[in-house]
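Work out the full structure, taking the sequences as your base and the hints as a guide.
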Amino acid sequence: MAKAKTPKGPGGAGQNHIQARVAFLYRASTYLQSASVSNHSEASNHGSPTQIQVQGGESATNDNKTSDIDATRELKQPPPKQHVQVSKLSRYLASQLRGVSLKSQLRLSRDIKRSICKRCDSLLIPNSTCMETVENASRGGSEKKPWADVRVVRCNSCGYMKRYPQTEKRSLKLAERKRPKEVGDGGQTVTSQPTMTQLPAVHDAR
Numbered sequence: 001m002a003k004a005k006t007p008k009g010p011g012g013a014g015q016n017h018i019q020a021r022v023a024f025l026y027r028a029s030t031y032l033q034s035a036s037v038s039n040h041s042e043a044s045n046h047g048s049p050t051q052i053q054v055q056g057g058e059s060a061t062n063d064n065k066t067s068d069i070d071a072t073r074e075l076k077q078p079p080p081k082q083h084v085q086v087s088k089l090s091r092y093l094a095s096q097l098r099g100v101s102l103k104s105q106l107r108l109s110r111d112i113k114r115s116i117c118k119r120c121d122s123l124l125i126p127n128s129t130c131m132e133t134v135e136n137a138s139r140g141g142s143e144k145k146p147w148a149d150v151r152v153v154r155c156n157s158c159g160y161m162k163r164y165p166q167t168e169k170r171s172l173k174l175a176e177r178k179r180p181k182e183v184g185d186g187g188q189t190v191t192s193q194p195t196m197t198q199l200p201a202v203h204d205a206r
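Letter by letter, the sequence shown follows residues 1 to 206 in UniProt numbering.
Hints listed in this document are in silico derivations from the structure and should not be mistaken for laboratory results. Wrong hints could be hidden among the right ones.
[Claimed, not checked] Only pairs whose alpha carbons sit at most 30 Å apart, straight line, appear in this in silico DSSO-like list of lysine-lysine:
no., residue 1, residue 2
1, K162, K88
2, K113, K178
3, K173, K144
4, K162, K118
5, K103, K113
6, K173, K113
7, K162, K145
8, K113, K145
9, K144, K162
10, K162, K103
11, K113, K88
12, K173, K162
13, K145, K173
14, K178, K145
15, K103, K118
16, K145, K103
17, K88, K103
18, K103, K144
In structure tokens form, the structure reads like this:
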């Protein structure tokens, strides 16, 4: 005798434990990477030279004046940016997250996918583990063609680059711009429909 099939529930209800596991792995990876970033910032603050030795006495010669000018120029220059080293445990958890999503055929959200490097599985944090720039290869540039802007994300650990077009700045298509619209009572745009007088007359063939 055949076994009766249980009725299926709503879609995705059987993957709640997988979604919880993916969320836990992502939060753990983010926490470990943020902890490494904070430790790196504290170490750079303690190790940065803050005291400058100045020779005593009044400088009357030109050599002393040039040395003072060079010292002031060095002070005005910004310190070089130091890239934060990616946590190995954070990268391991991110790779586990990707493996769980692939085996269970669970589609990750766009924010999670774009925050993990596709080559080395490192968590991408702007100005610490990755660099973000905006490129526009069009002739007019960003001033004339803002819809052609492309956000470029470069991983500092492996050098992998990913480009994301800024589609929210694109204008409407020509067919949508030419489509006539009317404003209704509730303030909603309603497309105009042809009236009975505008319809062509149809004669019944008898």
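Going down the list of hints, with the structure as the test:
| no. | hint | result |
| --- | --- | --- |
| 1 | K162 / K88 | holds, 22 Å |
| 2 | K113 / K178 | violated, 37 Å |
| 3 | K173 / K144 | holds, 18 Å |
| 4 | K162 / K118 | holds, 9 Å |
| 5 | K103 / K113 | holds, 16 Å |
| 6 | K173 / K113 | holds, 29 Å |
| 7 | K162 / K145 | holds, 21 Å |
| 8 | K113 / K145 | holds, 28 Å |
| 9 | K144 / K162 | holds, 24 Å |
| 10 | K162 / K103 | holds, 24 Å |
| 11 | K113 / K88 | holds, 19 Å |
| 12 | K173 / K162 | holds, 27 Å |
| 13 | K145 / K173 | holds, 15 Å |
| 14 | K178 / K145 | holds, 21 Å |
| 15 | K103 / K118 | holds, 17 Å |
| 16 | K145 / K103 | violated, 42 Å |
| 17 | K88 / K103 | holds, 23 Å |
| 18 | K103 / K144 | violated, 45 Å |
Hints 2, 16, 18, counting from the list given before, are not met by this structure.
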